[in-house]
Amino acid sequence: MVSPIALAGLSYTYDKGDRPVLREVDLAIAPGEIVLLTGPSGSGKTTLLTLIGALRAMQAGSCQVLGQQLAGASERQRVALRRRIGFIFQQHNLLGFLTARQNVAMSLELDTASSEHDRLARASEMLAAVGLADKTESLPGQLSGGQRQRVAVARALVGQPGLVLADEPTAALDRQSGQDVVRLLTELARSRGVPILMVTHDPRILDIADRIVAMEDGRIVAAPSGSIDPPPARSLAGSSAPGPGAG
Amino acid sequence: MIAVLAARLAWRQLISSRARLVSAIAGVMFACVLVFMQLGFRAALFDSASNLPRALQGELFLVNPLTLVMFRPEPIARVRASQTLADPDVTQSVPLYLAQTKFRNPDTGRQRTIQLIGFDPEAGAVAFSGLAPLVPLLKRVDTIAFDRRSRPEFGNVAGRLERGGPYDVEVGGRAMNLVGLVSLGTSFGADGNAVMTETNFRRIVKERQASKTDLVAIRLKPGADAQAVKARLATILPPDVMVLTGAELIAWERSYWEKGTPIGFIFSFGSLMGLVVGMVIVYQILFSDIATHLREYATLKAIGYSNHYLRLVVMAAALMLAVLGFVPGFLGSIGLYGMTAKATLLPLGMAADRAVVVFGLVFAMCALAGLLAMRKLADADPADMF
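Chains as they are written, first to last, in the numbering used here: chain A, 1 to 247; chain B, 1 to 386.
If you're looking for bench data, these hints aren't it; they were derived computationally from the structure. Be a bit skeptical, because a hint or two may be false.
[Claimed, not checked] Restraint-style ranges between C-beta atoms, simulated for each label pair:
(1) A80(A) <-> V277(B): 38 to 44 Å
(2) I2(B) <-> A6(A): 29 to 35 Å
(3) S11(A) <-> F269(B): 57 to 63 Å
(4) V277(B) <-> A60(A): 50 to 56 Å
Just so it is clear, CB atoms sit at the ideal spot from N, CA and C, and this is done for glycine as well.
Construct all of the structure, not just a fragment, from the sequences and the given hints.
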C-alpha cells in the first residue's frame, strides 16, 4: 500500500527571511497511522502542515500526498488534492450563517454528482457519529466551543478523506472538551483507517499517537518510537514518549 | 449546478444578517430611484419640448434654418407657404405664427409670459384637443382659447370659464375674450399656451407683419411619399427655408434641449452620480462581508473550494442585491413620477424601455461592485489557516 505521505528532502524558505524554515525534511506516514508533530514555535511544524495540505506552493524537495506529487503541481491540482484531505484548524472556522448540518454538507457540495438529499443525510450521520445528532439545525453561535470543534471534525471526516491534517485542534478548548474532541477524532479515524498528522503542544493527548515526531529548527530531530509498526495494533497508553518541546 | 450552489450560499449569507441586507437593498434602491428620476426628467423635458410639433398635423414643415428652438423662431416669408402648393402632392400649406407675450393672471393681476400660437383654425393643420368646437368662436374679433394644461401660476383661468362663461383677459396689453379651452401642455420653453386666429394674433402682436410667418405645416395627398415631396420642395424653394418631416421637426426641437443647453448633460451626470453612489454602497457591503468572513472563505479554500467558486458566490450576492433593490426602486419611482408630474405638470411617467435601461444600469453597477469586492478574496489565504 502506498504511503499517504512521503516527504524527501523538503525545504522551504519564506520570501523575506533568508533562513529556511524547513531543511531537508524526510518523513513517511503509513496507511492508517496517527502521527503527532511536536516542537517549539518557529520549528516549522505549521509550514510543514500547510505544504502537505497543498495550501502552499512547494519550493524544493519531493512531497507525495495521497499519490499526488506536489512539487511543481498546479493550483488546480492542489485544489483537487485538498478535497481529499480533511482539515481541522485551531479555530472551528464554521460558517456562522449555516446550520451545523449545512456546514458539514459544505464538504460534500464540491462533489456535484451527489444529490442534496444524499449530502444532508450523510452530514446528519456524521454529526450523529460525533455525538451531535440533536444539534443538526443549530447555528454555530448556539453551540459550545467543544461542540463547534466536533462539528469541524464531522466536516473534516464526512467526505471520507484519505488523510486528516489537524493543527492544535485543542488550542481553543478547555482541557476536558479538548481531550474529548481529540479522542473522538482519533477513534473515528482509526475505525475508518484514515491516517492523521496532527500538530500539538498538548502533552495530555500524546498517548493517542502511534508515533510522535519532534521538530526543531526546521528539521525532524527525533522519532521516539522509531520504527513504523503496523498502526492499528499499537497502543501507546502511558507511553514514555518524551514529547520534546511540548511548551 | 455549481452556480446554483454558489448562489444558494450567497443567498444564505445575505439573509443571515438582516440589517446588512436591508441597508444594501436600500442602497441599490436609492440608486434606482435617483437614476429613474433623472432619466424621467430628461425624457419629460424632451417630450414636453415636442408638445407643439407633435400636435401639428402635417407631413412636412418649413422652418427658417436659423431657428434654434420653436419658442424663439426666426421668421420665414409667408409666400414660401404658397410656393409649396406648386407641388402636385401638396394639398394644404398652413402658416403658423408664434410669439411669447405677457398674460395677466385674472386672480392676482400678476403677469407671466405665455406662448401665443396663431393659425387658421379651419385648416385642420393643428390638432389641439378641444379645438374643433371652438372654431366659430375663435373666428370672432379679439378671441382666444387657453391651454388648460398651462401652469397654475396663470390663475384659475379654466375654472372661471367653466363657471361663468367667456370673459376678458389681458394678453400682451390687449383685452381678449377668452372663449374656450384646449389641451396642449407646458414645455421648458413655455409655461402656458393660448391659441387664436392669425388675425387675432396680429392684433396682439402688432409689430408682426402678415408677410412673415414662423412655421408652415404642409399636408400631402393621402399616400404621397413625404421623402420624395421633401426632396422636390428642397429644389424649388430658396435656401431661406428648410423642409423637415414631422419626425425631423421633433428631433430638431429635442436636439436644441439636448445639445444646446446643459440640461441633457445635467441629467446624465445626475444618473451617473446615482450609479456611483449605489456602487460604492454595494461594494462596501460586499467588501465588508468578505473581510469579516475572511477566515471562513479561507477555510472553504482549504477544504477544496476554488477561487472561481468563491467569485461566483460574490457575484451572485451582487446580482441578488441588484434585483432586490430594483423592485422597490421601480415601484417607488412610479409613485414619485406621479407626485412630480402633479407638481410640475411635466409629462412624467414610467416607460418600459426606461425600466429596462435602469435595470441594466443597476445590474451593471452591482456586477462592477462585485468585481471590485472580489479582489478582497485574494486575502483569504488558506495557508494562513494553520
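Output the numbers, in ascending order, of every earlier hint that fails for this structure.
Result: no hint breaks.
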